[in-house]
Amino acid sequence: MEFLPVARNIESVALLAPGTIAGDARFGDDKTLISFGGSSVAENAYYINGMNVTNFRNGLGGASVPFEFYSDFEIKTGGYSAEFGRSTGGVINAVTKHGTNEFHYGNVSYFSPSEFYSGQPDSYRTNGEIYDHNSKNKEGRWVSDFYVSGPIIEDTLFFYALYEMQSTERDYTERASVNIRNEETQDDDFYGLDLLWNINDYHSLNLTYFSDERTIERDLYKDYDYLSNRTGGAESSTTIESRGGENTFLRYEGHFSDALTVSLLYGENKYDLGDDNSKSGICSNILNNNPGIDLPRIAGCSGDFLVIELGEDKREAFRFDVEWAFAENHLLRFGMDNEVNSTQTENFYAGPHGQYYRYFSLAPGSSLQDGNVVPDVNGDGSNVDVVRTRYLYNNGDFETEARAFYLEDIWQVNANLELTLGVRSENFDNKNGRGETFIEINDQIAPRLGARWDFSAGEEKSILYANWGRYFLSIPNNTNARLAGFELFTETWFLFDGAIDPATDAPANIDANGLPTAQVISPVHYFDDGEIADTSTIVDANIEPMYQDEWIVGYNHQLNDMWSVGVSYINRELQSGIDDVQIEEIHEYVLTNPGTSITVRVPQEDGTLQQRTFSADELGYPEAQREYQALQVTFDRVWDGVWSLQGSYTYSESEGNTEGLVKSDNGQGDAGITTDFDFVQLTDGAFGNTPNDRPHLLKVWGNYQWFETLRLGGVFTFQSGRPINRFGLGHPDEDPSYGQTFYSFNNETGEYRFHPRGSQGRTPSITNIDFNMVYSTNLWGGDLELRLDIFNILDSEKPVQIYENSETGSPGNPNPDYRAIMYYQNPRSARLGMSVRF
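Using our numbering, the letters of the sequence shown map in sequence onto residues 1 to 838.
One or more of the hints may lead you astray.
[Stated by the list, open to error] No farther apart than 30 Å at their CA atoms in a straight line, the calculated lysine-lysine pairs in the BS3-like style are these:
#1 Lys31 to Lys97
#2 Lys798 to Lys136
#3 Lys31 to Lys314
#4 Lys138 to Lys798
#5 Lys76 to Lys270
#6 Lys76 to Lys97
#7 Lys314 to Lys97
[Said to hold, decoys possible] Computed beta-carbon distance windows for the label pairs:
#8 Ile130 to Phe73: 37 to 43 Å
#9 Gly254 to Phe73: 23 to 29 Å
#10 Val836 to Ser114: 22 to 28 Å
#11 Gly254 to Leu784: 38 to 44 Å
#12 Phe73 to Trp643: 19 to 25 Å
#13 Phe256 to Phe103: 31 to 37 Å
#14 Asn571 to His104: 43 to 49 Å
#15 Ser167 to Asp72: 47 to 53 Å
#16 Glu217 to Gln760: 34 to 40 Å
#17 Arg753 to Leu710: 55 to 61 Å
#18 Val638 to Val836: 53 to 59 Å
#19 Phe318 to Gln760: 47 to 53 Å
#20 Leu207 to Leu609: 48 to 54 Å
None of these hints come from the bench; they were simulated from the model.
We treat Cβ as the ideally placed atom computed from N, Cα and C, and that holds for glycine.
Let the sequences and hints guide you as you build the complete structure.
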């Protein structure tokens, strides 16, 4: 791995595994997130030294640790044992480096000059206007790791310490608002320490500490001229994103006999989720969807869309694991893990009044909230200028307790047959802002069964295997914060009188609360009323957990001492999903398993609550569906001192009416409560190839020792394109209040056209080649390494994602951004590296 041209992070290692792809670029903040086997990027589990470091707020990623801090990686794409849970995607399991009886120290540095960043093509709207000015984008980075390790007490106490300095700079225009230029910097240090105490030959303690706290600052310039590539002066505002936090793990391991091993782990990790802006108290959020108003799409004096977030997550975890070999042919493994995941959050719209304004030009009769429509105030059927306001404020402290027990027996039946008989029991207790149970699901029984037949009777040369397992996914804390907190979220529609404050771009005529003084055309609608709801009114009394079943059948064969090949079939099917749906009769959103009946208590006119059951037929929602099928072929030619080669080919299909916890269709990271099932109309046409479907996926990588001191490496990937959709705003039955439908309105015929999921083709297939040269020699008694990595050496410029909303404002109003290219594959870039190790 050290000699391959890959980015120095654990996600890049995961991308070499069969069946993994990079997820939607809008997820992940400063890292690329991975889809395993058709799952969403929010369904993976991340472990370091046995400690769960997954982002439990929304599942999007885990702790950010330098490559140099790790010693080993284990990427589990499926079929993982009962000790791992809370994942329906993949497991990324890493181990940090430890000290030894020898002192070692050194420096590893990398530099990616912005001058070596080749840029990407500009992208354009259907009307010929520029959509994204990519050609002037630049990115540069340098990283320098200093490490030292060795004994504190010989044979007994060891340490490994690493300090990383890094700086990343990115300059880019705002997509769909090319008058806005962003200059982004990230200058943060990483500290990591590993202490290993061998108490005696049989017992040890391992302390791991690191801090991945980081701050991303983005200076935004509103007056950018993309033709001259110049800004007019001082920045309009500065956005500050705070991420990461301190992590501490203490692990005990005891060998009580050759047959019995016990390990105990206690750990804490913190993750900051702060988003703020230098003008958050002055500038309101303003979007402009009215072509008759001379404002950019993202307007306002900050030039950005700001939801201010003040929050932090903290996990406290304890687990124990036991391995006991008995009766010569059984290895019994059992244990438990317990987590208390706490979320502190406060979020609100920016601006002096917390109002978010959006300008529209809508046809008379266009649907608003609560059955209201746009009036024909002009008297001639022409479009009407309107402004929509939204207000959001949410805060609270939330907690989720997660407990699990597992038992597994690896039984060597005879020289040929090995059986794995495992089971895991999951329990989740999500609590609301008052500390009361919001949703609790216990006794989620997950069998994990496996069988291996070794035709070579223990020599591991020819193996047929099969696995079947059930995998449960916990409800993310984001669901607690959104559904069970003190959230006040309102919407009101007004006629727009045409007056705009030149300093802020907000409506000029507003009252003390920031609401326009013009005529109200749709009175205030409460998405949430600011009070913690009675759980029985917003959670289905019969809700079941979200889980997936998986089975794998495969065959591995060692051709000779150098070559081995394998073939496998994988099937993953979502058996139950969790999301919020609207019960139209009572205008209430309820957390449930879509496609099932719902039992909730409904408020009565006298203020009491009465339990009612709404049947699945009455509600009209389909079940949540997602199925992934794949045929995989792998090959491996081991390193012999001259060359090595590895790779895989995956032929697969991922289809369904939901992607999973998050939604790539609109970049919605609102884990667990996406818009997938908010209205029945949004589900009509939703079944099809999901955003993470890539039918053909080929990966090949290897090394070649050209000279004694020079090694070459390369990585080749080919993958099919992403399915393309055509989303609209309306529906033949009734227009939903918001969301993406699978219909567009034809103004000429007055009829709707149906565009089911994935029916608009695919983005082009992508080919990428990365290449490197590594020169190694001795220097002053140490090892010197110089390297050059070139990524996308052919500078391929294929689009990987396009804009899929075909309408804006109201059904039939074409969106000029439709099919504009949002992202291209990463352009050619180069990285220089040097390491000195003693």
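Tell me, in ascending order, the numbers of any earlier hints that this structure violates. 15, 18
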